[in-house]
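Let the hints inform the model, and build the full structure from the sequences given.
These protein sequence lines are chains A and B, in that order. Just add 2 to the spot in the first sequence (first one is 1) and you have the working numbering. Just add 2 to the spot in the second sequence (first one is 1) and you have the working numbering.
Since the hints were derived computationally from the structure, they do not count as laboratory data. The beta carbon of each residue, even a glycine, is placed where N, CA and C say it ideally should be. All the given hints hold, so there is nothing to weed out.
Not everything, but these chain B residues come out facing chain A in the computed CB check (under 7 Å):
id: 1; residue: 214
id: 2; residue: 225
id: 3; residue: 226
id: 4; residue: 244
id: 5; residue: 260
id: 6; residue: 263
id: 7; residue: 264
id: 8; residue: 268
id: 9; residue: 271
id: 10; residue: 272
id: 11; residue: 293
There are 2 protein chains.
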Amino acid sequence: MKGRRTWLISIAVITVLGIVLTGCAAVQKSDATDAPAAAAGDALPSWNDGPAKQAILNFVQTTTDPSSPNFVPAAERIATFDQDGTLWVEHPLYSFAMYALERVPDLVKAKPELAKVAPFSTVLEVLKGDHAALAKLTLPDLEKVLAATYTNRSVDAFTVQATQWIAHAKDQRWKRLYTELVYQPMQEVLTYLRANGYQTHIVTGGGQDFVRVYSERVYGIPPEQVVGTAGVLKYEYNKDGNPFLFKEPKLLLNNNDAGKAKGIHLMIGRRPYAAFGNSTGDQQMLEYTKAGDGARLSMILLHDDAEREYAYGPAQGLADTKVGAFTQALYDEAKKQGWVVISMKNDWARVFAFEK
Amino acid sequence: MKGRRTWLISIAVITVLGIVLTGCAAVQKSDATDAPAAAAGDALPSWNDGPAKQAILNFVQTTTDPSSPNFVPAAERIATFDQDGTLWVEHPLYSFAMYALERVPDLVKAKPELAKVAPFSTVLEVLKGDHAALAKLTLPDLEKVLAATYTNRSVDAFTVQATQWIAHAKDQRWKRLYTELVYQPMQEVLTYLRANGYQTHIVTGGGQDFVRVYSERVYGIPPEQVVGTAGVLKYEYNKDGNPFLFKEPKLLLNNNDAGKAKGIHLMIGRRPYAAFGNSTGDQQMLEYTKAGDGARLSMILLHDDAEREYAYGPAQGLADTKVGAFTQALYDEAKKQGWVVISMKNDWARVFAFEK
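What follows is the structure, given as structure tokens:
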């Protein structure tokens, strides 16, 4: 019961479904044509020159130069990345939550009586285009939808379902696969860090099993380097006597907020030298990273680009949101702690790979 | 409360302290002089020719040959190893539990009143040589000693303490550091697998934070590839405002039995292609591994060498034990499931690197 409640809290942001799906941030068809500022040998061609790009270059230089006082042995080079809103688009709603909603028709197909039972009936209305219906969904409703789509099945069955969905599911604004909505500048950072001996781990509030389905293909990050929200497992046997793992509707690790620092210790066991995030859920990961000795890099992405992507804070007078909020308090903390704020608008020459 | 109880169960084997410390297996000074059966280019020189060695060679050959139907892509090459009794000596008592007992004098130094309070007073008697005193220790007593030495401190403080201990603590039979009591044949397997693109992970019932202290130095296995029994963490701030992780006296993952399969999924996220164990606590890891498709290797070590190490089962008529028991039922299961049993006596030409 407590586990379910915690799970619930971890996705509390979804309460704002009604707001965000009807559009709180400027949502316009992208027509950006910024050319990447590529220079010969530039490892970060989609970044504009400026303090953010320079901070990354300086960090890699100082931690990989054996003559530097900040040199970090290869084995200790760990970098961690939030996913939603840091590596790919999180608006209007986290993809892991969209998955839960869009799985409901299949649930109803298997159990037709669900079509008349809330909250499944409500989700069906939403999926038919009635966004106002979303406002009817309460937190316990959403909890039920997540539990019904992520748990009470084997790990293998979940993997098959999520794999099918992610292969076809598209974002409504760009009409592209969610996996195409990864940020090109961050892909370059991943590649650049790995080329310099850094392990790149995802540390996400999203479901660990969900992200593992595509992380290797999309980011080059293998399952064993994905730390995410994870549920309790049960070890069972099928009728042929073969063992399998069953996903119970109970939370083991809520990988948000302080949970990110805990998840990093549990699954990686070393303090990162670099961490990248974009919202309040990343605060502890960023401060835990920065509190280490030597040169540590904590960077936080501000979505201030309504034209090419979205603009939300509420920091710096941007629109408020509950999906990936970057509060003014967090902004002030970033400045105080020496984290580097990335302005999507100013620091990124290109947002997506599919841009010309 | 439930967490503490589970922790307790996970170390229930320690009840037999009294028996094992007074010597249930033949304990004689090692005088083995078996020369390694090294051949030019032999990756496993400390293994005698036989079905066990051949199984390892065949497995690596068939899973790394691109023309083989059993070929495994490099990214999926995962091998998991139990530690106590599989990679190093576990008798008369697991080193992680010896650590708990031997930390008690320091606890008493900090709080002198503990010297007169059970179970700490009892442990002090034991450490002075009164092994009979061990029989007085109940399970709740032992639970208290483990909690008092592993938890209620920061991760950083624990790491410092465990690092100091492991640098100096010695086994009483060989008068050598515990870290010297690693099995040379298994070191060769680790090296051989890694040379063939396999990741080698430790999957131990011992404390994850404890094993991480020395795993890289001793086995070449970095902290992020150690899956172990782990407690709940708390994220706190010191008086300077710097964050740190605090180890609470509550269990998160009991990494024994079915917990090993769960831990593997949680922290690695792929089913291993090879797994190595030696006791009932490894059964689910071995069967979970073997149940995968393609060529999977599950191997289990039988300690049947009283002269060079220890002899215990109770499988095959060997002495009974509660520290790393290999039951006859497990032996029968191994034969039925096609796991390969390693006979320490017959399959290993050499047990320790320090042997001539």
